[in-house]
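With the hints as your guide, set chain Z with the ligand onto chain A.
Chain order of the listed sequences is A and Z.
Residue numbers for the first sequence, in the numbering used here: 69 to 532.
Residue numbers for the second sequence, in the numbering used here: 4 to 268.
Note that these hints are calculated values from the structure, not bench results.
Cβ-to-Cβ under 10 Å is the rule here; a few derived chain A residues that face chain Z:
1) Arg281
2) Pro289
3) Pro402
4) Arg433
5) Trp439
6) Ala476
All values derive from a computational prediction rather than experimental measurement.
C-beta: ideal position from N, C-alpha, C; glycine also.
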Amino acid sequence: MRPDPRLGAAVLAGKLAATASRGLGRGGGTTIPGDVALAIDPGVLAKLGAALPRGSVLVSGTNGKTTTTGLVAAALEASGERVLTNASGANLVFGLVAAAVAQARPLGGARADRAVFEVDELSLERAVLELRPRLVVVLNLLRDQLDRSGELETTARRIGDGLRRLPRGAHVVANADDPLVVAQCEGVEGVVYVGIDADDQLLDGVPHAADARTCPRCGAPLHFDRVVLAHCGSYRCTRCDFARPRPAVAVRRITAASLDRQRLELDDGTVLDAAVGGIYNAYNLVAAHAAATTLGVPAATVAAAVAGFRPRFGRMERLRLHDRELRLLLAKNPAGLDVVLRTADELGATHNYLIAINDLVADGRDVSWLWDVDFERLARSSHRPHVVASGRRAHDLALRLKYAGMAAEQVTVEPDPAAALRVLASRAAPGEEAVVVPTYTAMLELRAVAQRAGAVGAFWEQRG
Amino acid sequence: MSRPLRLGHLYPRAMTIYGDVGNVCSLRRRAEWRGIEVEVVPIEAGPADLEACDLLFMGGGQDRDQSGVFADFAEHKRASLERAVDGGVAVLAVCGGYQLLGHDYVDAEGRVLEGLGLLDLRSRAGDDRWIGNVLVEAEASMGLAEPTLVGFENHGGRTHLGPGLRPLGRVVVGGGNNGEDAGEGVVAGRVVGTYLHGALLPKNPALADWLLAAAVAHRDGESTAAPLPPLDDRLEAAAHTRAVEIARAERGRGPVARPRGARRP
Ligand SMILES: [Zn+2]
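The following block holds chain A by itself, in its conformation from the complex (with noise of 0.2 Å):
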């Protein structure tokens, strides 16, 4: 490529303030970098897009970016492509462009053959004018921190202007099962669609706290054959011809599911066998398959690597603590919570909980999601279970469980995350797993205390 100077600047002075600010422990540096790029040369992250060989896949929706990031670049990594993405979740444009900087040479030249990053909903669009991605996935509109980002409605709305800026022969991966993600993609082309179409895991009708319940065409109420998360499901609507679209791959069956692995047989005959458990993440991997494969990666070796990959930072880990065995998982919405609350139960996986809520931005400052999430199945849980309610609104969270009925005995409330853990620690017993569900700045204020215990490492220490 021709020389740039002003892009050499960028990128050199970008690796400068990763240096730096890893040397000020400001958490990796994972966006400081961007704003110095970007400060010196705006143009910096559509170059360094550019000069990809194989150009870029984008991965937006509201919950399972993080882990279908990993799942596609892990598939296309094990087709021999040298992968870049941002690992480490910063998934604003200052977050894409510190990782491109980071693994750009340093004149601007690319080092890998493809970037597979997530994306904020929010900043899809422009995302989508500076890389022109072959490929977008668009996993779920669920409801997620509204005051972040306005009503989910305004999201949906910022997706599909993304989408329809998509370079001509772009690919987009949509779900099927989600009303507002299908909405999105009207007039989009090249658009596949994944869904679940296994009867297991079936809810019984539409959780109180799903969307989606009318027609995002003409506004009538939509009729659910089937729910299987939040305001997924088989769908059409009463009044026009809205309906859920035939899935291009789907879910046929899922077997052996638990809260860290599961098996699901699509319907071409692909089988993945993930370490990833819950229903939401059957969405994610069948959204990965359908991307690799999109993109020319063979179902076999989608499959394999699938089977090696390993969810990273709090999506699903296990830890261990005070001599006990803890999985730690981040929920960020009532769906995701309900999601994790109803797998532990119904597999008796444990009895001891630790649910950990914060209202910093990064949460969502409103706890009121926390009157959607059905806390009244734990209630009615025969397994009795116990909550250590902590985190800056340990008080909301406890005051949320008595109203869904647990009684006295069964909330601890302990807003210090050292001393939760250990109330945790007490009353599991040994050889017992427990379940820590925190919130985004909780979940690093335990990993925190966890590392300090000598339990983990740091998350930007991790593979990327």
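Using the frame of chain A, we list chain Z with the ligand on its own:
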């Protein structure tokens, strides 16, 4: 033996956002803990007999759902609601439900969405959206056992009360009705309107009990509400106190504004 208390939940499918369903949960539990049987009546689109309820609750919704609800309410429920309120049925209306009680809502493009005109108040879209914790000193004449209310606001609308109306309380932290007169919400007879989510009632048990006492009075045909027997509210009080601390720590920052492009409620 008296009949169950009837709690009408208006549009439980469309108008359920920001955990407002927690208000229904609070009312139901606090009645049951006192041995008062409760029947929650979901009220969807179409004609409805609101006078048959003792208490009506309506939350806010997403834009798409909310305009349909406004139209359905005006067509099928306006007269029934007026009779219900005249007959002493208690009402809690949050956010979009609150705006609906007034004459109209004028959106950012100047379009007028007709309200019910039940209360003399009007709402219009503001320049920005107010998002944050709110602390309110409740209207003294309500005689609430705990004089402060806590909640979380998330609205772009500005509401102005007519001269005869009192706000639910005076804003200590947050935006409230309009940012000009320090008012938050409205209280008129047994009708309460507010922008507060949280959900509102679980952390403000005094207000929950005020509404519940009004509903019991309606059921029993009493003109004044008798106080309800106390409950063990230590956890509620702790959550309330913590929310007050968090809101006070944000004092002076004013409402957290988000630029235009943000939409109703
Ligand atoms: Zn329709």
